[in-house]
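J.: Residue numbers (my numbering), protein chains in the order written: chain A, 1 to 755; chain B, 1 to 226; chain C, 1 to 77; chain D, 1 to 77.
Certain hints may be false.
[Said to hold, decoys possible] Taking lysine-lysine pairs in the BS3-like style, the calculated list, with each CA pair at most 27 Å apart, reads: (1) B:109 to C:11; (2) B:109 to D:11; (3) C:11 to D:41; (4) D:11 to B:151; (5) A:62 to A:210; (6) D:11 to D:58; (7) A:74 to A:62; (8) C:11 to C:41; (9) D:41 to C:41; (10) C:58 to D:41; (11) C:58 to C:11; (12) B:109 to B:151; (13) A:77 to A:23; (14) A:210 to A:77; (15) A:348 to A:217; (16) D:41 to D:58; (17) C:41 to B:109; (18) D:41 to B:151; (19) C:41 to D:58; (20) C:41 to D:11; (21) B:109 to D:58; (22) A:210 to A:435; (23) D:41 to D:11; (24) B:109 to C:58; (25) A:435 to B:151.
[To be verified] Restraint-style ranges between C-beta atoms, simulated for each label pair: (26) A:204 to B:177: 29 to 39 Å; (27) A:752 to C:75: 32 to 42 Å; (28) D:48 to B:74: 29 to 39 Å; (29) A:307 to D:48: 22 to 32 Å.
Since the hints were made in silico from the structure, they are not lab data. Small disclaimer: the values here were computed from a predicted structure and weren't measured. The beta carbon of each residue, even a glycine, is placed where N, CA and C say it ideally should be.
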Amino acid sequence: MSEHPTDTVQAAEADPDAKQPYKELGLAEDEYLHIRELLGRRPTSSELAIYSVMWSEHCSYKSSRVHLRQFGEKAPKTDALLVGMGENAGVVDVGDGWAVTFKIESHNHPSYVEPYQGAATGVGGIVRDILTMGARPIAVLDSLRFGPLRALDTGRVLPGVVAGIGGYGNCLGLPNIGGEVYFDDTYVGNPLVNALCVGVLRADGVKLAKADGPGNKVVLFGARTGGDGIGGASVLASASFDEAHQKKRPSVQVGDPFAEKVLIECCLEIFAADLVVGIQDLGAAGISCATTELAAAGAGGMDVDLDLVPLRDPTLTPEEILMSESQERMMAVVEPDRLEQFLEVCAKWEVTATVIGTVTDTGRLRMTWRGEQIVDLPPGTAANDGPVYQRPIERPLDQDALVEHDGATLPRPRNGAELRATVMRLAGSPNLADKSWITDQYDRYVMGNTVLAPPEDAGLVRLDESTQRGVAISTDGNGRYTRLDPYAGAQLALAEAYRNVAITGARPLAVTNCLNFGSPEDPAVMWQFAEAVRGLADGCQTLGTPVTGGNVSFYNQTGTSPILPTPVIGVLGVIDDVRRRIPQGFSADRSQIYLLGETRDEFGGSEWAWAVHGFLGGRPPAVDFSREQAIAEVLAEAAREGWVDSAHDLAEGGLAQALVECCLRRDVGAHITLPDGGDPFVELLSESAGRVLVSVPRLYEAEFAACCAAHDLPAQRIGVVDLLEPVLDVEGVFRLPLGELREAWSRTLPARFAD
Amino acid sequence: MPRVGVVTFPGSLDDRDAARAIRVAGAEAVPLWHADPELHDVDAVVLPGGFSYGDYLRCGAIARFSPVMQSITAAARDGLPVLGICNGFQVLCEAHLLPGALVRNDSRKFVCRDQLLRVENAATAWTSAYEQGQDVVVPLKNGEGAYVADKRTLAELEGEGRVVVRYLNGNPNGSYHDIAGITNEAGNVVGLMPHPEHAVEELTGPGTDGLGFFLSVAGLAAGAAR
Amino acid sequence: MPRVIVDVVLKPEILDPQGQAIAGALGRLGVSGVRDVRQGKHFELDVDDDVDDDAITKVADTLLANPVIENFTVRRE
Amino acid sequence: MPRVIVDVVLKPEILDPQGQAIAGALGRLGVSGVRDVRQGKHFELDVDDDVDDDAITKVADTLLANPVIENFTVRRE
Ligand SMILES: Nc1ncnc2c1ncn2[C@@H]1O[C@H](COP(=O)(O)OP(=O)(O)O)[C@@H](O)[C@H]1O
Ligand SMILES: [Mg+2]
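Kindly produce the complete structure, drawing on both the sequences and the hints.
T.: This is how it looks when you write it as structure tokens:
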């Protein structure tokens, strides 16, 4: 575009039929014609740039919107929700005048192109979303998916992604308190990097992205604008990237965590002094997004002089300035008489801040460049009235076959020796193995409020030292379950995240989600997406935990083969007294080990079928939300009363893996007696949902059992903790010395990534 | 009540934690700002952990030139107790208040773990609350924590008993002589890579073994005040 | 033994936070006249006589530099 | 505008894990003949005409390099 002289509104009127590169910018013809209709003329090249990024899949949710609506329509009534979907992130009231905001977002494709920077800037982006709500970011989690551990490219992508998440998050001083790591063939070339950030603010301190008050100043502050990710929003994030229209512009965005750290402190000081009317982070679609969204949500108009934007690269054209995704930038709306104070705070933190415009009530977003009018449009048409598609939906042809081949005939271990070998093998399989090679690269201690962190089921941070109130959060998602049944798969992810939060003793309050799927233009993928959204919305309604926000990532596929449909669900809960939280893992000698819930012969999508037989088929485990709620109520009471000294949820690998992890957590042994009459293989390796392993001091057994009975929660005493003998002993089945077990469990990742 | 200053540089992260540890130790935490040379007559100073100036160029290389460091350097030479934790240790080395330097971990990865240490010098301003030879567990978290120095300096440090804390059960980062922390000749300036401020509460750390650093200086300052 | 030098620099269009921070520090140090700073990596390889520049270039391209964001130069001392 | 290059290298006695790791990786890549690798830093400064080498040397000595562990060289392009 830069070859041409600046295209002005005047020129657009004078030369209505000029040919425009809308296709190259990812706009369909009817979308382009609609823009002409909205404007009553052809767009200028700058306006075209704005519409192209704002109407991209990534920013407009044009394929997903009709489905995401359900989250609002089916949202359960709760007075905890201060800000719902549609803002940068949802805000939840957690009591004592405190509120918490949290959201998860994907940075998948950039993390494939340049793992370190892609993952780093992914963290940077979600942290700014949280900051924008007026909150201090207090923790991050990362949910990751990679190709097979042995795959060549995994050796490049995984270490880079992990170093990037750590490099950025550690430098911001945000404890990393949780996440997930899974491996599957479909993620080769399509790694998933979903980052979640939690922030805390006073309930009356919520900031919104609106430009109110005609005459107020529009301030751009933070990093200078460079040619980063130009077309990124419309290309990198929403169509296979070889279509990218590339010039001598960065192929990769480099994060500057130090710039973001000072930006955070600067913003928090600005919020504390109440110096902004509205604020918006610059993420995808940069200035285009910030100006149109702020104006549309506020007084309706804005005048901007693009010449005033501080540039890192002086050769940028106005179109490129509008599309630039340069990191570590924010836009604030400030009353004229607060401006000086605002700029002083920025100066204190050495943050560049520049007034680039003024709020108006003209209903138009107007921009000038070199004194000429280059943009004049109704901001709502770009920010809100983007195209909405009813993409064709079709159940995949192979879905029935996939479900019918349920693996009933897969050879199962027949005796103790075979079961022992199977349990050892699973413990060392990539999806179940120790992840500390990854989590030890993240700072878990900074801020001094981390109560629970990996490998705990949920992360738990203290919000307030005086009240000891805290929040717990967990992310979960199982692509294999979702592939077998997207509706159930999304609900299983929700159920597990809910359970993980609940068993710490926290009360689950709200949900965020990141929906990672293939191409929405593939009706089979769209079916998976629609089913997953429906399942999640129904599940949230049943559990009474509203979806407060999230993110959609489409086009995660290689050629025509999409990734496993991977909805990643984040659940946030509150605990009144963090000192009462329930940790994971055996610690107290003679504590009685109870299995809560029911075990059925459920191996569809199981880790056993996959790791041992490379098989995927059948139905995923059944979901029972009332059971999950019973578990939550029992564990909340148990935490309050101090009845249990440890709890761990059963997931991939079933009871066996839960026992392995509970023993290895503190190198404490256990003696287990499986219920007679049952099939040891099913008891040990089934992945039935709604189950938890707890250890109960003898003293409290009666109360605890009574509590379970009162909630119709099956509670089976299956063993006892043994501090003296470091062995996992399953009576009559096998004995696993913890040393041998730890070796198998912890060797896998270091062996792969050792240099 | 003893007053202990905590410096905040742009990019400091564990300044709040250090202030909390100082309060837990019964002293008053006084915030000091990198751009302000005024030390507000504190009895001691902590340079906290973090990534001052993003750890760009070299950890601590840029922070070292801040106005507050000019005052601290002068005061330290006159005996003001100064503790540098992690990034603070790096700043002290860059400022030549302590010998040697800290370079990239030999693993070439950031490492966060609970680290067993031995207190080898319990006579400094910051370790008097410990027993000589006491073993403590304190979180370690850094990417550039390998202590290096030339042979002469190492011999000097060892010879004069100026190695304050040493890593036990495995060297986490390639530090020469397993050195985790050192002191100056006078014993008022101490730097270490592990984070004692993250081990002052059972709830949020591996234990309370780190509290001694802050109790030491609090007691010292209280004594001086009396 | 011959010594080969490989200098790796970020591509000009790629953001260099470190260079920026150094330039900023120079300002505060009162050093004037330095307009721009870019930071890169410098490698010194001691190689056998029979190792030619093609081999070095291959090494630089696969190991020393990240071609996605960096350029490099090879020279002999 | 004149460009000054400052190369900073670790003193021989100082641990260089990055250089070692690269040397190790070379072996695995099947590249032979590289006996030793040391990694340092490379700075490119764009300076005004009136900035002389003494000024640059001072900058290198006080900021760009840490004399305790590093040596540096200054050259003009
Ligand atoms: N899967 C989802 N579930 C719920 N809300 C979603 C989902 N995807 C996107 N949203 C919401 O749509 C709005 C726009 O999303 P996005 O453009 O990613 O925000 P931002 O640009 O601030 O990151 C946000 O409020 C986000 O929470
Ligand atoms: Mg946003």
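J.: Confirm or reject each hint.
T.: Status of the hints after comparison with the structure:
1. B:109 to C:11: holds (25 Å)
2. B:109 to D:11: Holds: residue 109 (chain B) and residue 11 (chain D) sit about 22 Å apart, inside 27 Å.
3. C:11 to D:41: The hint holds at about 16 Å.
4. D:11 to B:151: holds (12 Å)
5. A:62 to A:210: holds (22 Å)
6. D:11 to D:58: Holds, at roughly 19 Å.
7. A:74 to A:62: Between residue 74 (chain A) and residue 62 (chain A) the Cα gap is close to 20 Å, so the pair holds against 27 Å.
8. C:11 to C:41: holds (12 Å)
9. D:41 to C:41: holds (4 Å)
10. C:58 to D:41: holds (21 Å)
11. C:58 to C:11: This hinted pair holds, its Cα atoms lying about 18 Å apart.
12. B:109 to B:151: OK: residue 109 (chain B) and residue 151 (chain B) at ~26 Å, within 27 Å.
13. A:77 to A:23: Roughly 44 Å between the alpha carbons, so the hint for residue 77 (chain A) and residue 23 (chain A) is violated.
14. A:210 to A:77: Distance ~26 Å between residue 210 (chain A) and residue 77 (chain A) Cα, so the pair holds.
15. A:348 to A:217: holds (20 Å)
16. D:41 to D:58: Satisfied, since the Cα-Cα distance of roughly 17 Å is no more than 27 Å.
17. C:41 to B:109: holds (18 Å)
18. D:41 to B:151: The hint holds at about 24 Å.
19. C:41 to D:58: holds (21 Å)
20. C:41 to D:11: holds (16 Å)
21. B:109 to D:58: violated (32 Å)
22. A:210 to A:435: With a Cα-Cα distance of about 42 Å, the restraint between residue 210 (chain A) and residue 435 (chain A) is violated, given a limit of 27 Å.
23. D:41 to D:11: holds (13 Å)
24. B:109 to C:58: holds (25 Å)
25. A:435 to B:151: violated (38 Å)
26. A:204 to B:177: 29 to 39 Å: violated (55 Å)
27. A:752 to C:75: 32 to 42 Å: Since the Cβ atoms of residue 752 (chain A) and residue 75 (chain C) sit about 36 Å apart, the hinted range of 32 to 42 Å holds.
28. D:48 to B:74: 29 to 39 Å: Given range 29 to 39 Å: holds, Cβ gap about 34 Å.
29. A:307 to D:48: 22 to 32 Å: holds (27 Å)
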